[in-house]
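From first to last, the protein sequence lines are chains A and B. Quick note: the first sequence uses this note's numbering, first residue 1, plus one each step. Quick note: the second sequence uses this note's numbering, first residue 1001, plus one each step.
Since the hints were derived computationally from the structure, they do not count as laboratory data. Quantities reported herein were computed from a predicted structural model and do not represent experimental measurements. Here a beta-carbon is modelled for each residue, glycine too, at the ideal position from N, C-alpha and C. Treat each hint with caution, since some may be false.
[What the hints assert, rightly or not] Stretches of chain A that chain B covers, calculated by requiring three or more beta carbons in the stretch to come under 8 Å of a beta carbon on chain B:
(1) 43 to 52
(2) 55 to 63
(3) 71 to 84
(4) 90 to 99
(5) 130 to 139
[What the hints assert, rightly or not] Residues of chain A clear of chain B, computed beta-carbon distances all greater than 12 Å:
(6) Ser2
(7) Glu30
(8) Ala120
(9) Gly158
(10) Asp166
(11) Tyr169
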Amino acid sequence: MSSGHARKEKARLEKIHRKAAKEIPTLSFEFGAGLMFHGPIISTTLTITEEHKAVLGKAGLPIPAPVICRFLIDTGADLCMVKHEFAQAAGLKLINANSPIHGVGVDSTGKTYMGRIAFACDSRISPGVQHQFAIDTQILSGELMGALLGAKLDGLIGRDVLQSFDMNYNGMTGKVEMKFIAHATAKRLPPGTIL
Amino acid sequence: MCGQLMKCYNSLIVKEKVNIGTFSCASAILHSMELERETRIYTAHLDEWRQSHLGEFVLIKDEEVVDFFPSLNDAFSCGTNRFGLDEFFIKQITPLDMVNISLFGRSLQAL
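Please put together the full structure from these sequences, using the hints given.
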């Protein structure tokens, strides 16, 4: 490719990314009848924060690979939660080893980690462009006893993450849409970011 | 090393059930030990901090209360910058020291 062509191609890509940057990233899920029976369960990425990554890199330690988790979107949960093995596999940073947890029928204790939940969705106006955004937050860990629940889910997305979204739950069609809105704890990642 | 960890584990009075494999289990217990001092400091000052720092995030390292921060990210950045990979404790000062996790409650087993 000549330098003239390369310049044009670069300018074209920059224009596409500028256009995409103005778009509100929207996660869209079609659950159909499953929405009623299982609730909104989405698969997304659990990983460590940029600061934690930088410190590990500086110490010459390996960066843990991101982990894909099946999260139930739970408007009744104050915070996010994952099974303990997922928090460990993702290498999250422990910040509190003794967190009282309350739920339906139980008072219990778990651990709290600092971690990042990352999302990605395709642009609706710029084909081929993918939006990526991440929310750094505290993540509780615990262990599921119920075999059925444990088999279906790896964790919960609570209201601390949902405060970065404008969510539309359509029980009739089984469609859930989550528009990403700016919030102090949320970061929109540059195109092509490798988690 | 693993034997030492297990001795240490066995010497503790562990009320919680831990069933996540030998090494993980021992390392989880060590984490708990490391943050035990910080948890004690937090618990001892909680009532006082509820009057003066409600909603803020406290960062504690060993027996030092490093500072209070308006956000979790600020507290974590400060902790990471100052203490690197060492353990440190962060917790929001809330009116109730309890997190509600609704659905998982019924199926949750503490570690």
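Structure-based check of each hint:
| no. | hint | verdict |
| --- | --- | --- |
| 1 | 43 to 52 | holds (count 3) |
| 2 | 55 to 63 | holds (count 5) |
| 3 | 71 to 84 | holds (count 8) |
| 4 | 90 to 99 | holds (count 7) |
| 5 | 130 to 139 | holds (count 3) |
| 6 | Ser2 | holds, 46 Å |
| 7 | Glu30 | holds, 22 Å |
| 8 | Ala120 | holds, 21 Å |
| 9 | Gly158 | violated, 7 Å |
| 10 | Asp166 | holds, 21 Å |
| 11 | Tyr169 | holds, 15 Å |
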